[in-house]
Amino acid sequence: MNEKKKEVAPNKAKGFATTELMKQLLGSYYNDIQNCKKQGRPMAYVTAGFPVEILYAMDILPFYPENHAAMLGARRLVVELSQVAEARGYSQDICSYARADMGFNFSGESPVGPVPKPDFVLACNQQCDTVTKWYEVLSRYFDVPMFLIDAPNVQGTEPLGTAIDYFKKQLKELVAFLEKNTNRKLTDDKLRETVTYSSEATRLWKEILWMGKNIPAPLTCFDAFINMGPIVTIRGLKECVDYYQKLKAEIQGRVDKGIGAVPNEKFRLYWDNIAIWFRLKALSEKFYAAGAVPVVATYTNGWAYTFDPTSPWDSMAHAYTKNFINCGLTWRLQNLMDLINEFTIDGLIMFSNRSCKPYSVGQYTMKNIVMEKLKLPSLLFEGDMTDPRLFSHEQAEESIDTFIENLSKTASRRK
Amino acid sequence: MSAESVLSRFHEAAAEPLSKKIENQKKATGKKMVGCFLYDLPEELLHAAGLQPLLFWGTNRPISMADTLIQSFCCSLVRSAVEALADGTLSKLDGMLIPHVCDSAQQMSSTWKYNSGGMYVEDYFVPKKLYSQASKEYLMDELNRLKGSIESLSGRKVTPALLKESIKLYNEDRALLRQLNDIRLKKPGAISDRDFYASVKASMIMPKEEHIPLMKDLLNSLKDAGAGEAPKIKVVLSGILWEPPQVLDVFAEVGVAIIGDDLYNGSRYFLKDVATDGDPMEALADRHINNIPFCCYHYPRQEVAQHLIKLVKETGAHGIVILEIKFCEPQDFEHPDLVKAIEEAGIPELSLETELQTIALGQMRTRLEAFVEMVGE
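Sequence lines, in order, name chains A and B.
To convert, count from 1 in the first sequence and add 35; that's the working numbering.
To convert, count from 1 in the second sequence and add 52; that's the working numbering.
Bear in mind the hints are in silico, worked out from the structure with no lab data behind them.
Idealized CB from N, CA, C, for every residue including glycine.
It is possible that some hints are incorrect.
Residues of chain A clear of chain B, computed beta-carbon distances all greater than 12 Å [stated by the list, open to error]:
1) Gly288
2) Pro393
3) Ser443
Just the calculated beta-carbon pair ranges, DEER-fashion [what the hints assert, rightly or not]:
4) B:Gln415 / A:Gln430: 26 to 32 Å
5) A:Lys225 / B:Glu224: 55 to 61 Å
6) B:Gln415 / A:Trp245: 33 to 39 Å
7) B:Ile341 / A:Ser346: 43 to 49 Å
8) A:Gln369 / B:Glu366: 49 to 55 Å
Chain B with its partners taken away, still in its complex shape (with noise of 0.2 Å):
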């Protein structure tokens, strides 16, 4: 397949609607489904028990059902799937697995159990400390816990060699997003940030079996590619989420490429890979434990930033754009020492907020172009 086809095919997966997407995966796959939320939690456990897992942090339609269940100062990553929960187009999940990620995540769950019509509803219980062995040795015993729950759902057991099995089509799949990364690092414009994030979400709501074999055909197609027009300036984006997905058109409208970021749905979903020796339960803990910074989680002294700043150094970019999801605790506290720290390096930084249903779009447009003529003095 043609670079264009296999972008097409990524773009039409984020396109399609949840609820059609979960009826077609489950009849195509012939596994029962769990839809996830966010996604910090062990999905190839979820694959070597013969489940489909579905990554999703709500949708961009407008809320409305959700207001009679969740308050408006949560999120629009809560609130926004507790609206798909609410209007249907999750009934025919055979399960929801919910990682306590932050206070909103944590509660939803409770919420999700209570109006969800008796749908499966399981919790990752994610240590919010990552560094001390207590951490550790409570993170295998959870998942270790949610590996029975998990099992119990789709009635096969997870034995070490599946779940080897399943690491190892995870990391080819990790692997192949690397190297579409390093060809936007080497080649700017060669792949538009549209087009690469598509990439990376079409692995979180495809099979990955389906998903390899295109990127295979991706980068074949790419190898021989040029760069693409210079972008008037390179940056790190860092945040949660790029969305709605029409914040990255504004940024390549105004000559803004992104050749490195911390997202979760972006680096934080491939940069790093299981172990494939020793025991893959405490492979799977490792991964957690030494993945890039996050800022949901306790880190004693701003590695969130460190990490920006390294990068920054280590691609090359001209600045850092903080985008910033409405409501998000984690990130409104992290914030003033984050840019006085990026600022205290000389690296020049603007702060964005944008909500998954609507945002100012002209406003975010105005100020990226005004950030680029700044940069470029």
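So that you can see chain A by itself, here it is in the shape it has in the complex (with noise of 0.2 Å):
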């Protein structure tokens, strides 16, 4: 037998050397942030899942107040923030990302230093009807405009052509709004430059993420969270591009070499939802000690978009409306099934999140579908994606020891 030996690293693989870089990239990200008056540039306060491909194609700087809360949730700032908005009458019941953003900028604390008022806010809407009301919000704030993509959901397993066109038509508005309050064009070249380098970090993100599926993993979902900055805020540029290229080498190492991120992998998982932000650690603990790894995520997978640079308004419209998160449940279950196989997955991590109904709601079900059809063990868990009042430690670390059990039982069936 011709089998490849599997090394097994002597210690814990300790995520990734190219992850220093990543620290350097999105430092200087935050300071051109900060700098941007400075150097001239329009600045705009931008949803996760808008089309900035069009923002840096006219070198608007985009701000992502999510990506930044997420931060300010691992480094425990979210509580103290949150009350500042609950202070002025913002509900605890509300999405925590947007109590933290707006309690930061109520109150101008945060370890990214002061953020300048943005020139405009845009959002798009089909990852949640939270922005549309967190950026009206920040709208009346900042006393300035804003720019409103809507993305009818997606109930099938393609979005409508109506909710294409309806995309596409208001990609047109967008731009006739950036070149109105920005006095700058938008050329055809400069937006096939930023697809054309967002086609290529998106690739090499599904790549990375694909990896995933090596037996044993090279990287777990929590490395993913890790490293999921750059594709965040500066997909459309060529240093992103760099960057995972420069991951996804060395991650080939390990596969090349059999290495896996955790060195007793026992039982392979499917994470459903945003990461834990103030968690990752402890809970990433937690799970290896038992040899249980998140192999591949919905989450991060969201990123995983394919662009076309020669069709890019077509494929943008069909990318951004396509997002998983305003997939309802027909897409998600086929998507689920798909990767249970691909990612030889025993077992699913849905995490329940208040602060996200587009994403929770619905997992009871794919719970009880999962469980019906293929008898694959879930654990579900309630809590929050940055606020910890909101989240029982103890409870969640009891749920984790039950389905380990399970695992072990039902694991064992399956090989």
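Fit chain to chain and form the complex, with the hints in mind.
Here it is as structure tokens:
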């Protein structure tokens, strides 16, 4: 038998060397944000699923409140900032990214330093209706114009043709809005360039994530959460492509040697929902200690867009409308079954996130169907992505223990 | 029929258990029945297709079975709708139509499809932007798509002529509700708020053919009615729904009359008609676009607040009461700036929280009493 000898790293594989470069890149990105007025570059607050290729093509800087809030969550600053928003009458029931961001804007306190007032705020609601209302608050607070791209939901496996038409028309309206508000013009050449870079970067990102198929997996979902900053914030720039090229090469190195991110990989898991930003280390260690490795996540997959630089408007409209978060259970279930197969999944982690209804509502049905059809166990636990007041560590850890016990019984039956 | 008899009929209709209502109405009309979650949807299309719409936003019964299908952090409109699905109340419906007015409704749609035993479930992918040419074009496309789907459920083609007939009927009903609304404005107390809103709700859960003659009788009876006992204060009520119905009793007991609103199951339902000239599909789109502002949609500049402030000036209300449904994110986001705008306009404001199942009525009463005192000063 010519099986490649599976080398086990002497210690748990400690992340990636390439990640150091990411810190530099994001540092430089936040520096640009802070100095945008000095640099004479317009800056916009932008949602995570916005077609920023158009912005970068016009040298407009996008600032991402969600990415910023995730960082605030990781640094355990969300409670303090949320309380600033709550003091102004915002309910604790609303999305914690929004509370953290509004609290930051109202108080100006953030480790990334002062962020200048945006020239306008831009949102696309394919990810949720929350961003529409959140950005309306920002638009009033800063007294700047707002542009919303309205993306109807995808209930089948493909967007409605009418929804794509609508999106494309709004892209043209967006360009008119941007040109009017910045006195800059969008050129086809510049757009082709940024869409080309986006296309390259998202292709590389997908290839990286799909390396999780290998047994053992050379990277885990937690690794992907840590390395997703550039694909979200500087997608459309060459630096993003360079970064993921380097990261991919490093991960490929592990694949070639059969090195797994977690040395004793016993159970391979699927992670559903946004990361729990304030508890990444503790959670990952809890899973890893039992050899339980999350190897695929719908969240990080969400940026594995497909763009066509020769057809930028059509491909942007399609990619941004069909983002998984805008798809109903039909697409999600099909996708889930495909991933379970491709990534050799033993069980599902369904994190029911109080801050994200479009992600969380429907998980109960998915869990039931997967148990019925595949007899795969799911861990379903409730919490929040950045607000620790809405998450019980003790309960979650108990649930994880029970889940891992179940996995031991069912996974051995599958082998 | 006397006013009392009509109102009694309206209250009965609201109290009738849903499953019975579905059974009885299907028998009485001989039509297939389609449940409509909330109702920002073109009811007239369903009617023109020979279907009977049943507008529905959940129930006041306690929630238990829905917990296996949907999380607790969704609003009680969505959760109690899912409860009614899960406990079999809606099993005799021939279909369900769900407008995507918000994230919870949108997510409920998928859940409904996978847990309703093959019920026909259709979405109304309503645009969230109303003010651009692209939005209107999309809305027209979506209305056409919906029409096709409705036709395949009913087996009847919706011709422009049939649609115009249904529009006429619905306009007639809305006009009668507006007349009743005028009475409560001009002669406060001639009809209680409980009775007024029961009349609106009755329109949503009865065939229009049944509701219209009853409304005519009611208006006829009230023609010579005088104003009732003067309320302590008159307010504009803002929110999604007056629910549960006991909320209206509390208002009445404390002496607060509601003389205007922007409620979903209030003015939003009857204030605007559908144009009867031109293309009827375009007329349906225009009504949607021009309806009074609603917090679930995108408005560039605080249109909800502006509308309420204008309404206070027009009606001479003493203040605004905002009724918030727990876990309604659109309302929650809108709220602080809405309150600020109202205060800046010099209008007294009170915010109350509610949910369909249980609310602290005692607390609501106390706060309303304090508000009445404050306004009276």
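Going through the hints against the structure:
1. Gly288: The claim stands: Gly288 of chain A keeps its Cβ more than 12 Å from every Cβ of chain B (closest is about 41 Å).
2. Pro393: 5 Å, violated
3. Ser443: Check passes; 26 Å lies beyond 12 Å.
4. B:Gln415 / A:Gln430: 26 to 32 Å: Holds - the Cβ-Cβ distance for Gln415 of chain B and Gln430 of chain A, about 30 Å, lies within 26 to 32 Å.
5. A:Lys225 / B:Glu224: 55 to 61 Å: The hint (55 to 61 Å, Cβ to Cβ) holds, given that Lys225 of chain A and Glu224 of chain B are roughly 57 Å apart.
6. B:Gln415 / A:Trp245: 33 to 39 Å: 55 Å, violated
7. B:Ile341 / A:Ser346: 43 to 49 Å: 32 Å, violated
8. A:Gln369 / B:Glu366: 49 to 55 Å: About 53 Å separates the Cβ atoms of Gln369 of chain A and Glu366 of chain B, which means 49 to 55 Å holds.
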